[in-house]
Amino acid sequence: MVLERLRQDGRVAIVTGGAKGVGLGIASVLAEAGASVVIMSRTQADIDNAIVRLDAFGGQSLGVVGDVTKFEDNERLVQQALETFGRVDILVNNAGGALPVPFEQISTQQFHDDFHFNVVQAFQLTQLVVPHMRETGDGSIINISSLAARYGADDMLTYSVTKAGLEQMTRVCAQEFAPEIRVNCIALGMTMTDALEGYISTVEGALANVLPQIPLNRIGNVEDVGLAALYLCSAGCYVTGKVIDIDGGILRSVRLGG
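Quick note, this note's numbering runs 11 ahead of the 1-based positions in the sequence shown.
Treat the hints with care, since some could be wrong.
In silico DMTMM-like cross-links for lysine to aspartate or glutamate, where the CA-CA straight-line distance does not exceed 25 Å [what the hints assert, rightly or not]:
#1 Lys31 - Asp256
#2 Lys31 - Glu115
#3 Lys253 - Glu187
#4 Lys253 - Glu208
#5 Lys81 - Asp57
I should point out that these hints are in silico values taken from the structure, not numbers from a laboratory.
Using the sequences and the hints given, assemble the complete structure.
The structure is reproduced here in structure tokens:
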């Protein structure tokens with residue numbers, strides 16, 4: 012049956028930044044589909060709350076406290092996943108980000124730090140899991156990007172440039188790892204997380220300014236992203252090396268305004 016291809020029973024997924032927001036949304040969809048999910052976050056309390064939600068789907072989950080910018084933490088994440096579940100089938104490189112800074116105020120060190128946070132750590136984790144995915148012959152790696160990679164965003168040069176680098180890494184890795192491992196990217200538009208909800212609720216006119224810029228006339232939710240990820244992990248998925256936009260149809264980065 013076609014829907015059976017979406018089931019993830021017996022598969023193990025690692026999701027970085029999986030204790031909150033988009034990461035938790037993806038982890039939840041994969042857990043509901045039957046995967047054992049391993050999440051990493053820097054905060055134990057966030058992990059504890061996330062594990063309660065993930066375990067409610069009836070499967071197994073594991074939380075690891077760590078920082079993706081530290082190689083030893085990434086190494087420990089993969090090792091704990093292997094020790095607990097014996098395999099890694101899915102990697103979602105979700106953790107990343109950057110603070111808005113005007114171009115003239117960006118230091119070289121900040122540029123290096125943001126590149127490490129958005130690209131290098133995803134490269135490291137990919138290198139760590141690829142040998143294990145090759146053993147099973149059916150791996151799926153998903154990198155989380157942003158429309159900013161294509162259209163830019165105000166005061167977000169390092170974020171835009173580094174996410175563009177992540178997308179290109181996706182394309183190159185997909186060619187090298189095929190056919191055993193698929194590598195794809197999801198580029199996010201406006202997605203409702205606790206942080207965005209807090210901003211919209213406190214900034215007068217923010218929502219009214221955003222919605223006319225989105226053809227589908229709504230802000231996306233984390234389940235929208237999770238469902239896209241689930242398809243990319245589905246059995247026999249005929250997609251690799253692609254950037255899939257989950258954005259409601261917008262043609263540029265949304266400006267929140269006020």
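Now the hints, each set against the structure:
1. Between Lys31 and Asp256 the alpha-carbon distance is near 21 Å, which keeps this suggested pair within the 25 Å criterion.
2. Under the criterion of a C-alpha separation no larger than 25 Å, the hint pairing Lys31 with Glu115 is inconsistent with the structure, at around 32 Å.
3. At most 25 Å may separate the alpha-carbon atoms for a hinted pair to count; Lys253 and Glu187 meet this at roughly 14 Å.
4. For the hint pairing Lys253 with Glu208, the CA-to-CA distance comes to about 29 Å; that exceeds 25 Å, so the pair is violated.
5. For the hint linking Lys81 to Asp57, the alpha-carbon distance of about 19 Å falls within 25 Å, and the restraint holds.
Going down the numbered hints, you'll see the structure goes against 2 and 4, while the others check out.
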